[in-house]
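Undergrad: Chains A and B, in that order, are what the protein sequence lines are. No gaps in the numbering here: position 124 of the first sequence is 279 in my numbering, and each next residue is one more. No gaps in the numbering here: position 59 of the second sequence is 214 in my numbering, and each next residue is one more.
Since the hints were made in silico from the structure, they are not lab data. Be aware that one or more of the hints could be misleading.
[To be verified] Label-pair ranges, simulated between beta-carbon atoms: (1) Glu267(B) to Gln204(A): 38 to 48 angstroms; (2) Ser268(A) to Gly232(B): 49 to 59 angstroms; (3) Asn187(A) to Met156(B): 31 to 41 angstroms; (4) Asn187(A) to Glu267(B): 28 to 38 angstroms; (5) Gly278(B) to Gln179(A): 46 to 56 angstroms; (6) Gln179(B) to Asn229(A): 48 to 58 angstroms; (7) Gln179(A) to Gln348(B): 20 to 30 angstroms; (8) Asn187(A) to Asn187(B): 29 to 39 angstroms; (9) Asn187(B) to Lys158(A): 23 to 33 angstroms; (10) Glu279(A) to Met156(B): 54 to 64 angstroms.
None of these values were measured; they are calculated from a predicted model. Where is the CB? At the ideal position from N, CA and C, for every residue including glycine.
Number of protein chains: 2
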Amino acid sequence: MGKVFAEITMSVDGFAAGPRISPQHPLGEDGNQLHEWLFKGTKDNPIDQQNAAAFFSSTGAFVIGRRTFDLGINEWGEDGAFGKPCFVLTHRQQEMLVRGSTTFTFVTDGIESAVRQARLAAGEQDVCVMGGANTIQQAINAGLVAELRLHIAPVLLGAGTRLFDQLKGAPITLESTQVSNSSFAVHLRYRMQMTDSFQP
Amino acid sequence: MGKVFAEITMSVDGFAAGPRISPQHPLGEDGNQLHEWLFKGTKDNPIDQQNAAAFFSSTGAFVIGRRTFDLGINEWGEDGAFGKPCFVLTHRQQEMLVRGSTTFTFVTDGIESAVRQARLAAGEQDVCVMGGANTIQQAINAGLVAELRLHIAPVLLGAGTRLFDQLKGAPITLESTQVSNSSFAVHLRYRMQMTDSFQP
Chain A
156 MGKVFAEITM
166 SVDGFAAGPR
176 ISPQHPLGED
186 GNQLHEWLFK
196 GTKDNPIDQQ
206 NAAAFFSSTG
216 AFVIGRRTFD
226 LGINEWGEDG
236 AFGKPCFVLT
246 HRQQEMLVRG
256 STTFTFVTDG
266 IESAVRQARL
276 AAGEQDVCVM
286 GGANTIQQAI
296 NAGLVAELRL
306 HIAPVLLGAG
316 TRLFDQLKGA
326 PITLESTQVS
336 NSSFAVHLRY
346 RMQMTDSFQP
Chain B
156 MGKVFAEITM
166 SVDGFAAGPR
176 ISPQHPLGED
186 GNQLHEWLFK
196 GTKDNPIDQQ
206 NAAAFFSSTG
216 AFVIGRRTFD
226 LGINEWGEDG
236 AFGKPCFVLT
246 HRQQEMLVRG
256 STTFTFVTDG
266 IESAVRQARL
276 AAGEQDVCVM
286 GGANTIQQAI
296 NAGLVAELRL
306 HIAPVLLGAG
316 TRLFDQLKGA
326 PITLESTQVS
336 NSSFAVHLRY
346 RMQMTDSFQP
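All chains should be built: construct the whole structure from the sequences, respecting the hints.
TA: What follows is the structure, given as structure tokens:
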């Protein structure tokens with residue numbers, strides 16, 4: 156079966172979003188600079204293109220935090236953008252939402268359950284825990300993440316949502332497995348020790 | 156004349172030192188993993204060797220925080236390790252300390268003064284603001300830093316001294332100028348907009 160990876164972009168000073176997140180500014184004020192590698196870099200930079208493609212290419216299911224879902228759903232269009240089963244970590248029970256080939260299943264019994272359901276849905280493919288920051292922290296703390304895919308955008312945001320803020324079990328030694336870069340981001344992959352013993 | 160660069164190693168989660176810094180643990184507990192690129196990598200990895208050499212090769216003077224000085228001075232040996240003029244940012248007036256070819260001048264009137272004195276001492280060479288984190292933050296906030304040289308060690312420390320914690324004037328857009336990596340660190344250089352108008 157596939158692996159579980161967490162993937163997100165952060166600023167050089169470690170923020171996954173700028174301050175004052177709102178529907179108008181889903182990455183916070185000034186946060187759009189984080190995703191320039193996605194919106195500008197992928198136009199003509201093969202490194203950014205490869206990194207963007209890898210987000211989907213081997214991914215069979217996604218795990219998303221509730222806030223990310225709420226901020227994104229109106230932007231993701233009629234097909235829901237992902238084209239795969241998505242599991243939304245939330246406290247509010249809700250019926251599955253279908254948008255074209257994308258399904259959003261709301262999971263109220265915690266990150267282990269969300270990742271477990273995503274792994275079952277993904278089959279042989281990988282599961283992407285795509286944030287926000289709090290969801291990724293929960294997944295790391297639960298020992299569920301085998302690979303960290305970080306994109307570091309060339310900006311100091313100074314304030315906002317810290318990607319790594321509530322880590323347990325630190326220090327956690329990582330293994331650098333891949334580095335690539337464009338002028339819009341440094342793309343890093345690290346292998347992590349998974350402690351979860353999930354068996355399908 | 157040369158430029159002012161700030162250079163330091165941080166963890167993937169942005170800590171320049173682990174928790175509980177002490178003379179026995181100058182980088183905090185678990186902090187030694189930060190400098191493996193210096194102590195292990197430079198033994199046989201040319202990328203780590205190049206990055207370590209660059210710390211000294213064009214540098215004519217150093218700016219050091221008081222705490223870093225206090226923690227380091229007994230480790231730096233009879234020649235003071237730097238072989239160049241060092242300016243120590245402190246609140247306590249003290250006479251210049253000479254260790255072989257290294258001089259430590261104690262500067263009590265702020266980061267601008269420390270960097271200005273260092274630039275004069277460095278002549279055509281560069282000035283390295285080498286930390287700790289607070290000293291680098293002060294230099295960035297004063298618009299004194301033209302280049303940021305970051306080494307990212309493959310570890311999540313979870314706690315300690317955050318490298319970027321008190322930045323003003325953010326967001327600060329950076330320009331990525333160099334990326335290299337070994338298994339012990341990702342080495343990044345960013346150009347920053349200097350706002351200081353120092354003239355010798």
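Undergrad: Decide, hint by hint, whether the structure agrees.
TA: So, going through the hints one by one against the coordinates:
Between Glu267(B) and Gln204(A) the Cβ separation comes to about 44 angstroms, which falls inside the hinted range of 38 to 48 angstroms. Between Ser268(A) and Gly232(B), the C-beta spacing of about 56 angstroms keeps the proposed range 49 to 59 angstroms intact. Between Asn187(A) and Met156(B) the Cβ separation comes to about 36 angstroms, which falls inside the hinted range of 31 to 41 angstroms. The hint said 28 to 38 angstroms for the Cβ distance between Asn187(A) and Glu267(B), and at roughly 33 angstroms that hint holds.
Separation of Gly278(B) from Gln179(A) is about 51 angstroms and conforms to the stated range, judged on CB atoms against 46 to 56 angstroms. Checked against the hint of 48 to 58 angstroms, the pair Gln179(B) and Asn229(A) passes, with Cβ atoms roughly 54 angstroms apart. As the Cβ distance of Gln179(A) to Gln348(B) is approximately 27 angstroms, the hint placing it in 20 to 30 angstroms holds. Under the hint 29 to 39 angstroms, the C-beta atoms of Asn187(A) and Asn187(B), about 38 angstroms apart, fit the expected range.
For the pair Asn187(B) and Lys158(A), the supplied restraint of 23 to 33 angstroms holds, since their beta-carbon distance comes to about 30 angstroms. Taken as a hint, the range 54 to 64 angstroms holds for the pair Glu279(A) and Met156(B), whose Cβ atoms sit roughly 60 angstroms apart.
Taken one by one, the earlier hints all hold for this structure without exception.
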